[in-house]
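Undergrad: Residue numbers (the numbering used here), protein chains in the order written: chain B, 810 to 1161; chain F, 2 to 298.
Simulated from the structure, these hints should not be mistaken for lab results. Nothing here was measured: the structure is a model prediction, and the numbers come from that model. Idealized CB from N, CA, C, for every residue including glycine. Among the hints, erroneous ones may be present.
Covered, in the sense of this in silico footprint (three residues per stretch, anywhere, with C-beta under 8 angstroms from a C-beta of chain F), are these stretches of chain B [claimed, not checked]:
| # | segment |
| --- | --- |
| 1 | 906-912 |
| 2 | 962-975 |
Chain F residues, not near chain B, derived (Cβ > 12 angstroms throughout) [unchecked claim]:
| # | residue |
| --- | --- |
| 3 | 47 |
| 4 | 119 |
| 5 | 121 |
| 6 | 130 |
| 7 | 170 |
| 8 | 214 |
| 9 | 220 |
| 10 | 286 |
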Amino acid sequence: MVVLLAVLVLGGLAWLAWRKAGNNTSALAGDVSLRPLGRPSGGRSIPAGQLPGGRIVASGLTKQYQDVKAVDGLSFVAEPGRVTGFLGPNGAGKTTTLRMLLGLAEPTAGTATVGGVRYADLDQPVRRVGAVLEAGAAHKGRSGRDHLRVLCQEAGLPLARADEVLELTGLTAVGDRAFGRYSLGMRQRLAVAAALLGDPQVLILDEPGNGLDPEGIRWMRDLLRTLAARGRTILVSSHQLPEMELLADDLIIIAGGRLAAMGSLGSVVDSMARGGRTLVRTPEAEKLAAALGSHAVVTPGDAGELYVTGVDAAAIGDAAQRAGIAIHQLTTERPDLEAVFIELTAGKAAIR
Amino acid sequence: MLDSPALDAARSTGTTPLRLVRAEIMKIRTTSTWWLFLIGFTVFTALALTSNGFSHHFQLYPQQDIPDRAQALAQAAQARTPSGVAAIAASMMTSGQFLGVLFVLLLGILVVTNEFAHQTATATFLTVPRRAAVIMAKLAATACFGALFWLVATVLDGVVTAFYLHSQHVSTPLTGWTVVRSVLLNLLAFVLWAVFGLGLGTLIRSQVGSIIAGIVVYLGGLAAAELLFHAIYYFYREGWVLGAPVIAPSVAATVMITPGRAFPHAPPQWAGLAVMVGYALVLTVGGIVLTLRRDVP
Chain B
810 MVVLLAVLVL GGLAWLAWRK AGNNTSALAG DVSLRPLGRP SGGRSIPAGQ LPGGRIVASG
870 LTKQYQDVKA VDGLSFVAEP GRVTGFLGPN GAGKTTTLRM LLGLAEPTAG TATVGGVRYA
930 DLDQPVRRVG AVLEAGAAHK GRSGRDHLRV LCQEAGLPLA RADEVLELTG LTAVGDRAFG
990 RYSLGMRQRL AVAAALLGDP QVLILDEPGN GLDPEGIRWM RDLLRTLAAR GRTILVSSHQ
1050 LPEMELLADD LIIIAGGRLA AMGSLGSVVD SMARGGRTLV RTPEAEKLAA ALGSHAVVTP
1110 GDAGELYVTG VDAAAIGDAA QRAGIAIHQL TTERPDLEAV FIELTAGKAA IR
Chain F
2 MLDSPALDAA RSTGTTPLRL VRAEIMKIRT TSTWWLFLIG FTVFTALALT SNGFSHHFQL
62 YPQQDIPDRA QALAQAAQAR TPSGVAAIAA SMMTSGQFLG VLFVLLLGIL VVTNEFAHQT
122 ATATFLTVPR RAAVIMAKLA ATACFGALFW LVATVLDGVV TAFYLHSQHV STPLTGWTVV
182 RSVLLNLLAF VLWAVFGLGL GTLIRSQVGS IIAGIVVYLG GLAAAELLFH AIYYFYREGW
242 VLGAPVIAPS VAATVMITPG RAFPHAPPQW AGLAVMVGYA LVLTVGGIVL TLRRDVP
């Protein structure tokens, strides 16, 4: 009798303990686990410029397909509060890299993290990272609004959020239209709308400008700049180099699956400026060429100007003064991003 | 620009598994496939009811001018006994099953393959990186729709059967065990074939590929298994060889839904059920393993 009673009491206690433990874990899954990552539970009001955990880090990222190494030991960082342009020729491994970053493709080696956590391990990933991958990615027969509402339901966000992002992306008027009848620009906007559903602190976009008209491109640029100014991390891949010069703070350039250059837009362009040339106009071309010495290579232009490489503008000016040669124009021609890009990726863009 | 009253007002939205199942049901509801299927399904059920009704009518009331009239009259007398009428009622109450389960099989296939055909798999797995949870939610949603189709058929069958029995001047309670058992086994068939389709779609991502595979397995499996095992029986004259076609899903389903023996040498009913559950399990678990291991295209 006593034994039976003891078993009952012990069993009851064990059951209570088990229930308590169960409750604790479910509470953790909800709110508390967000805190270590720097997000107030339930809320989303984060002071601008202060988004801990928004740093994207790739280290030694490698993807080996059967016969090609699409990405080869790639390491880079994208910082919060900045727009980081991710550039590379076709087949350089940009999309593969982004898909590994987002847990859609498994790296052969290396890691990719957002705020120190692999995407697949993020709690409520939609509220931390938004991604724009393919523009054509919704069921043709489903309306844009329903597409977003399904994603809200899946992510545990209120369905009303779908209408907010439609408004934000200027799609309210076509929200009930079937996705199959959207123009390419509308599809691109819908993809952005989906990425913004969780108001994430990190935005990863693969060629978001494709299919957008000039107004759309400007809208996209303003949106991304605004988000970066509010402390968000923006990683955006693109081929559109002039657009990147307007948009990006930092650049990551890859070629053949490897890192070709990384740094601020200015520093990446400047790093190639040493190979730039200086335009000189002078009435005494031969005399100047002789005065510059053997380091300089002087090439005459079509309109009587000279292009000098091997020495910089200051050295040319000093030499001219010493030789008493008049200089009418002295201009350092810095390469633009396109020239830098071509130079960095030349020869590595072959179809692999 | 980015202020969101909706997100600010966000509260806990229930447990994750239920949330995902609701999302999957929403995916099915927000496209036209399911109700187009339901219309086609209803039409086929009505046709099956008509055809069954005629065949049972001639069973109860044999024609005057058939060759073997004595045997037909004996069968009619048998059909009018309480158990005979109950069997007719059970047959009427499961009308439309043959093509109905094909519809839910295809729906199950579409639930998965649509994600790849329309490239929504990316958005889905970005939202829920735990891919196994997504597949399990799809399984639950698909089973729900299988049950919905069954419910529609059962309501239609029930109404028509009640009028039909009255018109044939026979009566049996539709709540009798013979009828209820058939209707419940019918539910099992709808749910298991739906899950079968889902598993198939998870294994074969190509929409066309898995639809063809599904139709071939469903329609061709029966004949192929019969043919194969009768050929084997020609060399090994053992009774179990004739029961072995149960390893084909269509045969297993037939065995499962038929009280007693579905055909001579047929294995018992539970064996059919076990084979069907086995297929659903193996396909789904295999599909989940593949989904976890493969990259999202």
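Undergrad: Look at each hint and say if it fits the structure.
TA: Hint-by-hint comparison with the structure:
no. : hint    : in the structure
1   : 906-912 : holds (count 3)
2   : 962-975 : holds (count 10)
3   : 47      : holds, 26 angstroms
4   : 119     : violated, 5 angstroms
5   : 121     : violated, 6 angstroms
6   : 130     : violated, 4 angstroms
7   : 170     : holds, 49 angstroms
8   : 214     : holds, 22 angstroms
9   : 220     : holds, 27 angstroms
10  : 286     : holds, 20 angstroms
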